[in-house]
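Trainee: Those protein sequences? They're chains A and B, same order as listed. The opening residue of the first sequence carries number 3 in the numbering used here; numbering runs sequentially from there. The opening residue of the second sequence carries number 7 in the numbering used here; numbering runs sequentially from there.
Among these hints, one or two may not hold up.
[What the hints assert, rightly or not] In the DMTMM-like style, the derived pairs of lysine to aspartate or glutamate whose C-alpha atoms are separated by at most 25 angstroms in a straight line are:
| hint | chain 1 | residue 1 | chain 2 | residue 2 |
| --- | --- | --- | --- | --- |
| 1 | A | Lys101 | A | Glu124 |
| 2 | A | Lys44 | B | Glu168 |
| 3 | A | Lys101 | B | Asp120 |
| 4 | B | Lys146 | B | Asp96 |
[Stated by the list, open to error] Among the chain B residues that face chain A by a calculated CB cut under 10 angstroms, a handful are:
| hint | residue |
| --- | --- |
| 5 | Thr61 |
| 6 | Ser62 |
| 7 | Phe76 |
| 8 | Gly103 |
| 9 | Tyr128 |
| 10 | Thr132 |
| 11 | Ala136 |
| 12 | Pro151 |
| 13 | Gly153 |
| 14 | Gly155 |
Calculated directly from the structure, the hints in this document are not laboratory data. All C-beta atoms, glycine included, are put in the ideal place defined by N, C-alpha and C.
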Amino acid sequence: MLPNGSLDMDVDAKNIVYATDSGRHRVARWTLSGTPAGGFGKFGQAKLEDFVGCCNPVNLAVARDGKIVTAEKVAARVKVYSAAGDLLGLIGPEYFDPKCLHLHLAVDSRGRIFVGDPVRLEIQVFYPAAGSGAAASV
Amino acid sequence: MSDQTSRREFLERSARWVGFIGIGGAAAVLARRAASDTVFQVDPVRCAACDLCRTSCVLSLSAVKAVNTFSQCGYCQLCPAYYDVASQPDAMGLPTGKTCPQDALKRRIVGDVDEEDPNNNYYEYTIDEALCDGCGKCVKACRPPAGNGSLHLEIRYSRCHECDSCAIEPACPENAIVRIPVPGLPPAEQHSEGNQTT
Numbered sequence: 003m004l005p006n007g008s009l010d011m012d013v014d015a016k017n018i019v020y021a022t023d024s025g026r027h028r029v030a031r032w033t034l035s036g037t038p039a040g041g042f043g044k045f046g047q048a049k050l051e052d053f054v055g056c057c058n059p060v061n062l063a064v065a066r067d068g069k070i071v072t073a074e075k076v077a078a079r080v081k082v083y084s085a086a087g088d089l090l091g092l093i094g095p096e097y098f099d100p101k102c103l104h105l106h107l108a109v110d111s112r113g114r115i116f117v118g119d120p121v122r123l124e125i126q127v128f129y130p131a132a133g134s135g136a137a138a139s140v
Numbered sequence: 007m008s009d010q011t012s013r014r015e016f017l018e019r020s021a022r023w024v025g026f027i028g029i030g031g032a033a034a035v036l037a038r039r040a041a042s043d044t045v046f047q048v049d050p051v052r053c054a055a056c057d058l059c060r061t062s063c064v065l066s067l068s069a070v071k072a073v074n075t076f077s078q079c080g081y082c083q084l085c086p087a088y089y090d091v092a093s094q095p096d097a098m099g100l101p102t103g104k105t106c107p108q109d110a111l112k113r114r115i116v117g118d119v120d121e122e123d124p125n126n127n128y129y130e131y132t133i134d135e136a137l138c139d140g141c142g143k144c145v146k147a148c149r150p151p152a153g154n155g156s157l158h159l160e161i162r163y164s165r166c167h168e169c170d171s172c173a174i175e176p177a178c179p180e181n182a183i184v185r186i187p188v189p190g191l192p193p194a195e196q197h198s199e200g201n202q203t204t
C-alpha cells in the first residue's frame with residue numbers, strides 16, 4: 003500500500019485496522035500486527051458501489067456494528083458498506099461542498115454518522131434509516 | 007585666501023566623489039553577489055499553470071518542466087493529469103484521450119502487479135523532460151479536488167541559460183517567477199529572497 007495525502011484509518015471492535023487505499027480505490031484491512039486482511043472496493047464510474055475519480059475513498063470510519071462508512075471527493079459523497087463490502091446506503095453530493103477534499107467522518111454508538119465539511123465549516127448528522135441499516139439524512 | 011578656499015573645496019568635492027564611487031561600487035558588488043547566490047524558480051502556490059512558461063521562455067523547448075512529488079501522488083489508475091477525463095471512455099470505463107498534448111507524462115505499474123484487474127495496480131507517473139514543454143496542462147488537471155496536487159512546474163537548471171534575466175518573469179501574470187537561494191548553498195550564504203525551495 004502506498005500512503006499519500008488521502009490516507010485515513012480506523013480500528014473496529016475486533017482490532018482490525020481499516021485504511022483508505024485510495025490509489026487502488028479500495029478499503030484495505032490489516033491486523034494489528036500488519037498482516038493484510040483483505041478489503042473491498044474498486045475503481046468504477048457507472049456503479050454506485052465503486053469508487054470514482056482519482057484517489058478515492060479519502061476518508062473512512064467504522065461503526066460499532068461493523069459497517070464501514072466512506073467519504074469520496076469529486077463528487078463529495080458518503081457511502082455505507084456492510085463488513086463484507088456490500089453497499090447499504092448513500093449520502094449524496096447535494097449535502098456537501100463540491101470543493102471538499104476530505105469529509106471527516108465519525109460514527110457514534112447509535113450508528114449516527116457525523117460528517118464534517120471543512121469548506122462549509124459545518125458538521126452534519128445522519129441517522130440510520132429504520133430497517134434498512136443504511137444512512138439517511140435528517 | 008581664495009586659493010585656500012578653492013583647495014579646500016576641491017578636496018571636499020574629491021572626498022565626496024570618492025565616497026560616492028566607493029558606496030556605488032560596494033552596492034554593485036553586493037547586488038552582483040546577491041544575483042549570483044539566487045536563481046529564478048516557479049512559486050507553485052502562485053503559479054496558475056497558464057501556458058506562458060511554454061511560450062515566454064527564450065528556449066525553443068521551455069526550461070520549465072512539470073515535476074511530480076511522489077509523496078503526494080495517489081498512484082491511481084485514473085489520473086486526471088494523464089487521462090483527459092472528458093474524452094470518450096473505452097470498454098473498461100477509462101478515458102481514451104490524454105491530457106498532455108506532448109504525451110510527456112509517462113506511467114508504469116509499480117509494486118505487485120495484478121494482471122487480471124488493472125484497478126489493483128499502482129501507477130507511477132513521471133515526466134519525460136525531453137518532451138515536456140512546460141504548458142502546465144497536467145499541473146492544472148492534477149489540482150485538487152480532482153487530483154492530489156502532486157504535479158507542479160519547475161525551472162530546470164540543467165536547461166536554463168541562467169543569464170540572470172528570465173524572460174518568463176515579466177510575462178507571468180501571477181508573479182510566480184521568484185528568486186530563490188541557489189539550491190545546495192549552506193544556509194549562511196543564502197539570501198532570503200523568494201519563498202520556495204526545490
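Trainee: Decide, hint by hint, whether the structure agrees.
Mentor: Hints, one by one, checked against the model:
no.: 1; hint: Lys101/A to Glu124/A; verdict: holds (14 angstroms)
no.: 2; hint: Lys44/A to Glu168/B; verdict: violated (47 angstroms)
no.: 3; hint: Lys101/A to Asp120/B; verdict: violated (33 angstroms)
no.: 4; hint: Lys146/B to Asp96/B; verdict: holds (24 angstroms)
no.: 5; hint: Thr61; verdict: violated (28 angstroms)
no.: 6; hint: Ser62; verdict: violated (30 angstroms)
no.: 7; hint: Phe76; verdict: holds (9 angstroms)
no.: 8; hint: Gly103; verdict: violated (15 angstroms)
no.: 9; hint: Tyr128; verdict: holds (5 angstroms)
no.: 10; hint: Thr132; verdict: violated (15 angstroms)
no.: 11; hint: Ala136; verdict: violated (26 angstroms)
no.: 12; hint: Pro151; verdict: holds (5 angstroms)
no.: 13; hint: Gly153; verdict: holds (5 angstroms)
no.: 14; hint: Gly155; verdict: holds (8 angstroms)
The structure fails hints 2, 3, 5, 6, 8, 10, 11 (numbered hints given earlier, in ascending order).
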